[in-house]
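Colleague: Residue numbers (my numbering), protein chains in the order written: chain X, 1 to 221; chain F, 222 to 467.
Since the hints were made in silico from the structure, they are not lab data.
Fair warning: there could be bad hints in the mix.
Okay, the calculated bits of chain X under chain F, using three or more residues with CB under 8 Å as the criterion [claimed, not checked]: (1) 55–67; (2) 79–88; (3) 166–174; (4) 185–192.
Per label pair, the in silico range of CB-to-CB distance [said to hold, decoys possible]: (5) F:Glu269 - X:Met49: 48 to 56 Å; (6) X:Leu79 - F:Glu269: 52 to 60 Å; (7) F:Ser373 - X:Leu79: 22 to 30 Å.
Bear in mind the structure is a predicted one, so any value in this text is a computation, not a measurement.
Built from N, CA and C at the ideal position, the CB exists for glycine as well.
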Amino acid sequence: MNLFSPLWLSVQLALVTTAVLLLIGTPIAWWLSRTSSRFQPVIQTIVAMPIVLPPTVLGFYLLVLLGPDGAIGSWWVQLTGSALTFSFSGLVIASCIYSLPFAVQPMQNAFEALPQQMLERSRTLGASRLDMFFSVAAPLSLRGFVGAMVLSFAHTLGEFGVVLMVGGNIPGETRVISIAIYDHVETLNYAAAHRMSLVLLAFAFITLFVMFAVNRRWSSR
Amino acid sequence: MRCTPILLMFLLVGPAAADDSLIIAVASNFTRTASELAERFRADTGTEVRVSSGSTGTLYAHIVNGAPYDVFLAADSERPKLLEASGHAAPGTRFTYAQGALALWSLKAPDCLGVLRDDDAGYVALANPLTAPYGAAAKEFLEGAGYWGAVSKRAVYGENAMQALQFAATGNATIVLVARSLLTISSLPRASCTWNVPTEAHAPILQQAVVVASTSNVDAARRFAAFLRSDAAREVIENHGYELPE
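My request is simple: use the sequences and hints to build the entire structure.
Modeller: Put into structure tokens, the structure is as follows:
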């Protein structure tokens, strides 16, 4: 139980984050790949920033913004009665920001590789924009979607710094596996730290291995 | 491959380290006090002291794994004892340099003790009782005084006393149980209430120091340890909100 509840919490967090990122990341990636707007480089830069920023910067801003006195947090308190910091919902928001580039970039690459002619042809045959996306673009970009999902999931699973700063280490709510491992190392409980780390190590290997294996098969086709 | 010699040169040069300087590993709650003590020690002896701060558990792990610290100022007595037993501390150098005290601190509550009883008063921040000595003492006080039942459901845990305070100082937690020494930080916003927890309400927080066995500068390290016990140093320690050991 002690071993699996933080792991299960991490998996839940990663699954919810991946689902949310697929929903909001897809339109962003599509827009970035298709637009000729002069704001494109700016938006692209903003989306990529979590790759470069240390988790402490994100954690600091989130702590201030999501708290009960913060811009987003106070609004959330009015809506739900509780604050976003120290809560699972808060961690989902934090993870979505933290993993956004890992969802957007693979999809954007896939969309950019789509043959322009084919998309135009489907439009001239009378397909609506939405229809064109779901019947033509999406199936051809499957690899991008899989890449986005695997990377968002894996990156969220490995999240530590941001959670440390806005999580508050609450069992079953915000004590994810990376925090639990940290606690075990701190309390010299190296045996438990080894067990959890090994589980995470195996998990990371399997996730990435499956992605690369699938990618290889697709590209050899 | 051609640039390898140049890269190697960078490795060899590195940041210049003064030979007779000390690096002390300090539990985060004592960082500011240690910096002031380091400054005094430098003024007295000319020996440079660099302060490296972290949680007691992290610093302990660093020392066991060969970190180049000369003196370790922990937030408890357990880790120094372990280092002594495993031979990572110079024998006979362990002593209590300060005794910790706890306080309640809030940014918005009018009555500190009232918040502990009130189920709807928001989060109560404390350092993680498993990893931080001040967290363990805080929990012991809450249990002994009958608050734990009401507090445990809305407790949030900082990695150390400093982070717990920061949760409350940013308004994310209503109240914090924190090391009294941290309340002397000048940049801290004005409190709506503070309350000193009686030191009898928990097992004494004995902050102990050891000279690290692998120190490359054993004389200066021992001089610094002796300096911590001097009247001048004890005055600084007391001014930072610590009780003094006998």
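Colleague: Report the numbers of all earlier hints that the structure fails to satisfy, in ascending order.
Modeller: 5
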